[in-house]
Every structure is written in structure tokens, then in C-alpha cells.
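Chemist: Please take these sequences and the hints and turn them into a complete structure.
There are 2 protein chains.
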Amino acid sequence: MNRAELFEQIKKKKSYLCVGLDTDLEKIPKHLRSLPDPVYEFNKQIIDATKEFSVAYKPNTAFYEALGASGWETLQKTLDYIPKDCFTIADAKRGDIGNTSALYARAFFEKLNFDALTVTPYMGEDSVKPFLNFSGKWVILLIHTSNSGSIDVQQLETRDGRFVYEEVIFASQRWTSADRMMYVVGATKADKIGTIRALAPDHFFLVPGVGTQGGDLEAVSKAGINAQCGLLVNSSRSIIYASSSEDFADAARNEASKVQQEMNEYLDKFIR
Amino acid sequence: MNRAELFEQIKKKKSYLCVGLDTDLEKIPKHLRSLPDPVYEFNKQIIDATKEFSVAYKPNTAFYEALGASGWETLQKTLDYIPKDCFTIADAKRGDIGNTSALYARAFFEKLNFDALTVTPYMGEDSVKPFLNFSGKWVILLIHTSNSGSIDVQQLETRDGRFVYEEVIFASQRWTSADRMMYVVGATKADKIGTIRALAPDHFFLVPGVGTQGGDLEAVSKAGINAQCGLLVNSSRSIIYASSSEDFADAARNEASKVQQEMNEYLDKFIR
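Going down the list, the protein sequences come from chains A and B.
Per our numbering, residue 1 is the first one in the first sequence, and the count goes up by one each step.
Per our numbering, residue 1001 is the first one in the second sequence, and the count goes up by one each step.
Certain hints may be false.
Okay, the calculated beta carbon distance ranges per label pair [unchecked claim]:
#1 K1222/B with D85/A: 35 to 45 angstroms
#2 D1247/B with E110/A: 26 to 36 angstroms
#3 E110/A with Q1261/B: 57 to 67 angstroms
#4 D1247/B with S244/A: 29 to 39 angstroms
#5 D216/A with D1202/B: 51 to 61 angstroms
#6 G194/A with R1033/B: 48 to 58 angstroms
#7 S245/A with K1011/B: 18 to 28 angstroms
#8 G1161/B with S244/A: 49 to 59 angstroms
#9 G161/A with R1033/B: 47 to 57 angstroms
Since the hints were derived computationally from the structure, they do not count as laboratory data.
For glycine and all other residues, C-beta sits at the position ideal for the given N, C-alpha and C.
Modeler: This is the structure in C-alpha cells:
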């Protein structure tokens, strides 16, 4: 899915919601746990309940790897179940030397056919570029995350008076354009989103941390929305675990619908 | 395996060789490709041929993920086949926010029971600490890699006149000790190993890049060896692909034996 097609979906659904399929076997409703593949069953019902309100789905691979080989099959089945008009993101935070990154790219873009993969920039240009060799696929580069540990590397100040995460933005803009790369930008500080928007006016930002993690959707939207929306805001736990009972899918639907209604308002208000 | 036990193995085998099981289906000898699990068959024969000379094995997960769900099973079977007196490293370069890193830890330390996992530091302390909650398991933190992209983040100079990779060393030494953490340090510049050894006198370094990638084993050993050896030097392609014919295992054995003989010499010469 290219940038124009993604923007079309956003306008059609009046939403820039990404649902994080961070499905933990220990947190799903009890009545599902005796099924042959409870995580897949949970995901299916969550997808059915939220696809009207969500333009993207983002399984975090850790949740699937924690199940061993069968988790990888569950991930594959889940991906196959996501409707084709939704943007799919493997939140895997991969990155390795060139020939090894090329294998990760094959894993996520060929074997699994995701639209996008999150990538960590610590190893630099040649660790990221192999992911850009797959036509129509996206790299979503970790820039600035909202966890406390972001001070340890991302927020170090360089000799030139910039932060490390800013250096990553500048470097990555030499590697490819906003048509092939998005940025992960944490949401707990909306002013940071404004700062980064100024450095990257055209890029889509994948913003985790709204909902359970405490970001403010209006402030994030105001600071982040650009002419093509430019935002995918992820919610995981606040939607998928909205209820822990048999009504979990309905509860997820209600939660996703509420977020979508807010987003509809912000699209009108802030798009420019 | 703890640090003392690892050093015991090094003394016993007179070797600090780690064999990288970066097994690419497209590169293994043709006669294996019609078997039900050719990558496992290849790994088994490589392990049998090299276990006399090697104290550690390091599969890079990218090679297994590129095969899909069956690759994850191959990884599991390969790990189970590695003799218990060898140190096992999942070269996965993982790292995510706390609760997600905890799931990766479960995947590699419980489901798969590796001794150690490579971890990327870009998200900082809380992305690394969950891996330290597993007793007897090791984090091998990416510090300085030998690829060209290492200039983009790792070698940025901070306002305090240090490199980013040095800041990662200082920070990580506040999180845990040399009994629970090793460092990935690239080998193409041996002087860099000396610099990092001065900052981390006790830590084991996992050094990739000797062999195909062009590092010099003697220079690396001289700069890196400490009182408990403190080095695991990885070779992948130069050993596992020493021959592409039916004699691949013998060729791997010869290659591993040659490296071990060199290492025996350097252990005598440089241990201090």
C-alpha cells in the first residue's frame, strides 16, 4: 500500500487508528483458551470488531515468538485474516548487517507479506537499506520512543548540539523518502511530536502510547497531523483488552469506535 | 552457563571460537536440499564436525525466520542438538519496551532455552533490563559493530566528548555486571577492541567479523584477551561454507581446527 492509498483509506474511514495485536495468551478471555489456537481466535474477533474503525493493524512479534514455532503460524494466519484494505505492520524492531537484514526483509515482506516493518537504527545505513529493496514495502524507523530508557541513547546530545534521534532523522532522509519510510515517535510528550514534525514535514509517524501508555490524542493530533494526515496512532491494550469477558469483541468495537469519532473530529480540525 | 564455567570450557578446549550457524538454504550443499529439513541436517553435521574446537554456537535468527514457521522449529531442533557444554547465543538483536522485552526474554530463555541473547540498546535501560530477570542467562549488548553504518549512531560524538557507544558502555555498567552481560564489539579495527577493553576490563566481548568479514585474529586477541580470556570470536561463513560439496563437514572441521590452534597459541601468549 503506497502513501496515496493509505491516505485514501484514512479519508474513507475517517480514522488513523492502528490496532496493536499484542495478544498475550495469559490476558485473553478464559472461554477462548481451550480452543486449538486461542490467540488466532481472539485476533479474528478483534479484527472483525474493529476493521470498520481501523486503517492499520500492528502485531508485535514478541507476543508470537513467546509461543514458539506455533506462534509464528498464528502470526501468519492473523496476517492473512486482516482485510486487504488495511495497512499491516510487523512491529519487530529488527536490524542487522546488510546480508542479514536482507533475510529479515524476506521473512517479513515475502514469507509473511506485511506492508511495513519497524526497524531499529543502532547499526546505521547498511542495516536499514536492505529493507528498502522491496518495492511497495515500508520501513518504520525507531526515532524517539516514549519509554524512560529513551534518555540512554536517543536523547544524548551530540557535539553539534543535536539529539541522537535528530541525527537519525537527518541520516535516514538521505537513505530514502517519505514514500518509503515512516518514523516511530512516542506520544507521551506531544511537544516532541511537534519538534519532529518540523524536521520531517511529510513523513508518516507511527505513534504508540496513546491509551494505556498515557498519550493525549488531541495534543498528538494537533502537533502531528499534516496535509496527508501523516499519523497512524496505535492503541493496543485499551482496545483489545477493553473487556476480559465473553463480550470482549463488542467492548473492543466500542472502544475503537470512540477513538475513531475523536479522530474524525481532529482530521477536520487539524488537516492542513 | 556462568562466567567461571565458560572460562573452564575455554581452558579445556583451548579455544574461544564461536561458530555462527547462519545457515542459508541457498548456500548449503545441493545433496542436502532434498531432505525434509536440510538446514537442520546441515547444522547437525557442522556441530558434530566443530564441537571439539568450538566453545559456543550462535545461530542468527534472521536465517531461521526467513523460512517461516518451520524455520523456528529448525532453530529449536538445532539448539537442542548443541552439546550442553557449549555456550549458546541467539543472535536476534532484540529490544522493545519493558513488557515486550519480557516476552522476547521468554521466547529465547524459556521456550528456546538459549544461554544468551544479543540485544540492541537504542531504547535504553528499560528495554534491556527484562532480559536480566532470568537467572543464569546473559544479555550480549550491541556496542560497536564493524559495518559501515556504525558511523550513523554508534560513532556520533556527544557533547561530553564521548562516542555514543561509550555512553552505552557506561550506562549498561549501571544496569548489571560482567557476570550477566557481554558486549558485541566488531573486529575489523582491532584498536577499537583495545579502547573498549580499557572501558570494560572484565566483560566478555563477542567479536564477529573475523574470517570472511576481514578481522585479524591475532590483533583482536592481543587487544581483547583478559584474565578470563574475555573473548568469544565468531566465525560463520569461513567455517560453515568452507566447502560447498559433500565434504563440507570435513572442510568445516579443518577450518575450525586451524582457528582453534591459533587460539591456543594466543591464550598462552596474551592471557593476563
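Chemist: For every hint, state whether the structure bears it out.
Modeler: Structure-based check of each hint:
1. K1222/B with D85/A: 35 to 45 angstroms: violated, 60 angstroms
2. D1247/B with E110/A: 26 to 36 angstroms: The hint (26 to 36 angstroms, Cβ to Cβ) holds, given that D1247/B and E110/A are roughly 32 angstroms apart.
3. E110/A with Q1261/B: 57 to 67 angstroms: violated, 41 angstroms
4. D1247/B with S244/A: 29 to 39 angstroms: violated, 59 angstroms
5. D216/A with D1202/B: 51 to 61 angstroms: For D216/A and D1202/B the Cβ distance comes to about 45 angstroms; the hint is violated.
6. G194/A with R1033/B: 48 to 58 angstroms: holds, 54 angstroms
7. S245/A with K1011/B: 18 to 28 angstroms: violated, 59 angstroms
8. G1161/B with S244/A: 49 to 59 angstroms: This hint holds: roughly 52 angstroms between Cβ atoms.
9. G161/A with R1033/B: 47 to 57 angstroms: Given a distance of about 55 angstroms, which is inside 47 to 57 angstroms, the answer is holds.
The structure fails to meet hints 1, 3, 4, 5 and 7 from the earlier list, while all remaining hints are met.
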